[in-house]
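So the protein lines, in turn, are chains D and Y.
For the first sequence, my numbering begins at 1 and goes up steadily by one.
For the second sequence, my numbering begins at 1001 and goes up steadily by one.
The set of hints was computed from the structure by calculation and includes no laboratory data.
Incomplete in silico selection of chain D near chain Y, CB under 7 Å:
#1 S63
#2 K114
#3 G142
#4 K148
#5 H191
#6 Q194
#7 T203
Straight-line Cα separation of at most 20 Å, SDA-like style, residue types lysine to any residue; simulated pairs:
#8 Y/K1100 x Y/T1138
#9 Y/K1102 x Y/G1084
#10 Y/K1113 x D/I105
#11 D/K179 x Y/E1044
#12 D/K43 x D/D217
#13 D/K195 x Y/A1046
#14 D/K109 x Y/I1121
Only a predicted model underlies this, so the values are computations on that prediction, with no experimental measurement involved.
All C-beta atoms, glycine included, are put in the ideal place defined by N, C-alpha and C.
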Amino acid sequence: MAIENKNFSRRDFFRKSGAVAGSVIFASLLNPFKKVYAVEEPKGKSKWYGIGIDIEKCIGCASCVRACKNENDVPKEPFFFRNWVEQYVITNDGDVKVSSPNGGIDGYKQIVPKEDIYKSFFVPKMCNHCSKSPCTQVCPVGASFETKEGLALVDKSYCIGCGYCVQACPYGCRYINPKEGVVDKCTLCYHRLQKGIDPACMTVCPTGARIFGDLHDKESSIAKFIKENNCVVLKPQLNTGAKLFYNALSQEVH
Amino acid sequence: MPIQIKRLLLVFAFFIALMLVIRYFLKPDSWGKMGPYRYEALKEIANKEPKYVDLASCEMCHDTIVKIKIEGEHKSINCQTCHGPGYKHINEPDTSNIEKPKGREFCVRCHAKNSARPENIVKQIDAIEHNKGEVCITCHNPHKPWQ
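Only chain Y is shown next, with the shape it has when bound in the complex (with noise of 0.2 Å):
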């Protein structure tokens, strides 16, 4: 074997060990339990709190809402798609309140007339001419719209 071969493999032994070294301080414990990446990973994206509560929560304070709501056609919705979530609120019910959508144009993202939108899902206004200049809920109850 020439010399010039000899040389370059020693040098290749040599960065492959230093490789190996580096490899096993550095590679996480979890890594490859599951498959190639770190498992521990999974367990930090879990911890996250959440944010959006569920019905019964909204039910313990607020049944009487609850009842109206589930009488009219709103029945289907959850009340944090209008309100927004509700997990400080429930912690801390004095001092932070849920969000209360009050004008015309948080109303019309739903109920606009708009020809992408099915006609038997849900009902539509023309955004501009209806009742002009009225806000909402002055004639409709959210909780039940035609009360």
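Bound-form chain D, shown alone (with noise of 0.2 Å):
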């Protein structure tokens, strides 16, 4: 296809460019309400929580799943998890086998046996406490915010119970409570965050495989960890600002 030789006269383009002189300024205008979709990152000292996640040591033992579930009142029925532990096979065939049966909470069968497994590992999943969360942004009452350390939670006397949220999260990391019939998610224990202690999970993980942490603190286990290994987070494309950060994370995963 030939490149249309078109002559432009100087009013168009005097035309078009205050089109895009003014789109610009528009744009700019929106600014202020940045704070609706991105918590802005504070400055110098201030946490900032993050976490990692070591694939390498995790034994899916699930004690993360039960843990979480005691302390925060999950139901204890199958399909409401704030974290739960994916079981990834990869075979010689190249088939990625995904299993999590109640979360892990029961345990897990090998399925497929020794001589067909290429790869096999365990991935723990939670919500990623992004910093320009797709959850929080589509709240309609602003029950779904996000506070100045990093942290998504919910208001639960301002949730409705739409569900815009659940199906807005990338990583499925929220649930309708079937009891109080409004959303709930991981809140990295903001209660024991509060109190100086770790959270649940954390605090029971029997091989250290995570790891949170304030980020602006150079020193803490979680700027240690990104440090010293080549961390990565899930579905970096969305640009939603993750900050749960795997180790050793293959690709298959997502």
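From the two separate chains plus the hints, produce the assembled complex.
What follows is the structure in structure tokens.
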């Protein structure tokens, strides 16, 4: 296809330049509304929480899932989880099998015989506490929000249980609590953090596969974990500003 | 200005004023203090009582068991990983006891052979064939497995 050799008049040029400049000025006017869709990372020493998961240390015992259910009164039935563990099996044929029976609470079965397995590992999942979280942006009543420490929380007395955020979360980390009728999600045990103790899942992890801390404090365990390991987040292409860092994550995981 | 537009503007002004009045009465006091949300909600979330207690609370009474545990392979494991949350037991030690899992199915959650489990982190056994029918704790002390 040949390039069309069309002569633009000076008037055309000025008109189009004006339109572009006008759009840019209009977009900059929207800046005060930025805090609706993204929490601003505080400068300096104030806390900015991040989470790390060391896949090489996870043994798939699901103590974290049990602890979270106990600590936060999550319903005991399946399908209601604030965190869960997935077992990935990649066969020699290239098939990827993912299983998480009851979140892993009842233990795992090796579903593929050992000689057919190319690679197998556990992936614990939980809220990524994104700084540009898709879930808080869609809340119609301002019940989902992000604190200045970078934690995505839910104001349960304001939530109307519409479930928009449940659909918006690309990681599937929210559920509607059947008893309360409102949405529930990981708070990184905000009630424990405020009292200076570790979240329940971090407390009970037997191998130290779960790490959390202040990303701004370069001496914290999470800052050291990210420094010493090559870490990635889930679905980076979505630009959610996720703060859940995985070490040694295979590309099959999403 | 045509009369229709004037009337329409009046109607608009009325509804905007009505919205502002309703907003004045319904907006919570702490709204917008830190961002577009109710700041008081943070305190409500933080008020919840923790159920998993710290190690020092266990050690206060059970110091002999804690001493045995830190010598064995299970030294890095928190008491409540196996025994469940301790908040009730701390408040009423006589009436409410912690969980004491005894069966095979509990131990094999960590120790059953599984290709997904890293071998350098945890010792693994064949969950069915390894001393068939025996309970793990007849041979192994859970607080010091190789005693």
